[in-house]
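**Q** Same order as they appear, the protein sequences are chains A and B.
First residue of the first sequence: 13, per the numbering used here; consecutive thereafter.
First residue of the second sequence: 988, per the numbering used here; consecutive thereafter.
Derived from the structure by calculation, the hints contain no laboratory data.
All C-beta atoms in this analysis are idealised placements derived from N, C-alpha and C, irrespective of residue type, glycine included.
Worth double-checking, as some hints may not be accurate.
Which bits of chain B does chain A cover? Going by a derived footprint, with three or more residues having C-beta under 8 Å, they are [unchecked claim]:
1) 1025 to 1034
2) 1127 to 1136
3) 1177 to 1189
Residues from chain B shown here face chain A by an in silico Cβ test under 7 Å; the list is partial [claimed, not checked]:
4) ARG1010
5) GLU1120
6) HIS1139
7) HIS1143
8) MET1262
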Amino acid sequence: MADREKRPRPAPTPTNITRPFWDAVNDHKFLLQYDPDADKYQFYPRGISVHTGKQNLEWREVSGKGTIYSFTETVIPARGFEGEEPYLIAAVDLGEGVRLMSLLHNCTTEEVEIGMAVRFCWDKIDDDFEYFAFEPDR
Amino acid sequence: MNNPLASKDIAIIGYGEVKNVRRSGRSTYDLAAEATSKVLEYTGLGTKDIDGMATVLPSSEAGNNFWSNYLGDHLGLQTSWTQTTDTGGASMPGNVARAAAAIQSGYCEMVLSIAAAAPTTRRVDDQRSYRSEFRNPTGIQGPPGAFGLIMHRYMHQYDLKFEALGKLAVAQRNGALVNEYAVEGLRKPITVDDYLNARMVSTPLRLLDSVMPCDGANAIIITTTERAKKLGAKNMAHPIAYSELTNFNVHEQLPDITETGFGIAGPEALGKAGMSTDDIDMFHPYDDFLIAEMLQLEQIGFCKRGAGSEYLLETDISPTGKLPINTGGGQISAGQPGLAGGQINIIEALRQLFGEATDRQSPNPSTAMCTGIGVIPYVRNWGTSAVLILEKG
């Protein structure tokens, strides 16, 4: 198969809801929405609490520790990742009780396993955006 | 349990289908026109007999917020009830129930339920929210990546035998070989070894686990059983039960991603019909990926949770077997004409119930279960689960 032409990695498309989240990511911080009425977090960021239906939501910075819930090795690359294949994507459960998905760096296919401890790391997409990723918390 | 379809007062009286073609160069309207012309010819009806239209919003026309107006206008339809459903692959089974409810409420009497899509000729969809912020920038390979995550988790919790998925791939390919509407490039035999050795897309999901996108269209006509009899319809099938569930488990932030809404919608639809899975003569599940069919078999109740591999290996799923599955090849072997793929399995069920499935005809089926799946939410299993049970009239 011919090599695919490298396209730009897609950058997020912030809204008024998610702008504080992406601003924090650019400072290498990860914010979650916390619902004080339910004492629960939620992810992805929304305009309403899925727990209570209220808009009473606070941003809280997370501990940054998680465990791998599942993973997949991408062999046919997604748009903007041409030439980087194969690469790992992980679904990660944070201690705060939410699940995220992103790239898993510094880990081989042989090493990755469900339950593995991971922490955040950061990728530069372009001059405007960084993006969260994971690496083993060894 | 309330079942508005229990009296069998609604009938599907015909179908029309366009051959699946990759990069056809045809407009969505042209594909819709061919499917409409075919179903009108099948039923002997004219455009002026149609007073209701239901459709799905395809990626090839998603930028048009007057899609159903434009489509009905193109087809020459004046309608007193008009519906676009946008729950992805669950839209078309959903439209059978929506049309039935509209007919029973007196808004219309003769509904064209039409799906047309040309995603390999034109794509104009633009999905924001979690997709543009939290999926696309990660590098996950879209739906194959999402199902790679689901499969690895399933393997962690249960026993997944790839030979079982291979058997399903081969059975559906055998259907495509004798289905003249299948994408021509897919009408070549495969073996279980071909499946096992297929190129990985997003581990452990292989190329032969997946659908082949194409352009296509299909249509059915839904009316009252009374009107169908007056018309002297040569064939009819009654929708006898329907259940759907959207955004299953959305409040749960750490859901088990091997679970889906079929665990609720499946037993509920069977309960409405007063049936068990033993009463279902054939199964036509929505098949974006092979593992999705196995999850449906388990959660609807054809076998126990985690026992899908054994069930598939033990069961004859060919047209003459105990539970024929996607006898026309399904979307995986006949092609996925975008969201029009959500009605391919209904068309195949109708062919079988009408005794018109030629070389792949199952011996005298009287009931069929069709399903639909819509959308892949953020790190979850699919968003909409739809179950439709049909009975030969």
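**Q** If a hint holds in the structure, say so; if it does not, say that too.
**A** Status of each hint after checking the structure:
Interface restraint, the segment 1025 to 1034 of chain B with chain A: violated (0 residues with C-beta to C-beta distance below 8 Å; minimum three). Residues of the segment 1127 to 1136 of chain B lying with their CB closer than 8 Å to a CB of chain A number 7, which satisfies the three-residue condition for coverage. Coverage of the segment 1177 to 1189 of chain B by chain A holds in this model, with 4 residues showing a Cβ closer than 8 Å to a Cβ of that chain against a need of three. For ARG1010 of chain B, the suggested interface contact is broken, since its CB lies about 17 Å from the closest CB of chain A, more than 7 Å.
Given hint, GLU1120 of chain B at the interface with chain A, holds; its Cβ is 4 Å from that chain's nearest Cβ, closer than 7 Å. Satisfaction of the interface hint for HIS1139 of chain B is found here, the shortest Cβ-Cβ separation to chain A being roughly 5 Å, below the 7 Å cut-off. Hint on HIS1143 of chain B holds. Least Cβ distance to chain A is approximately 5 Å, under the 7 Å limit. The criterion of a C-beta within 7 Å of any C-beta in chain A is not met by MET1262 of chain B, whose closest approach is roughly 34 Å, and the hint is violated.
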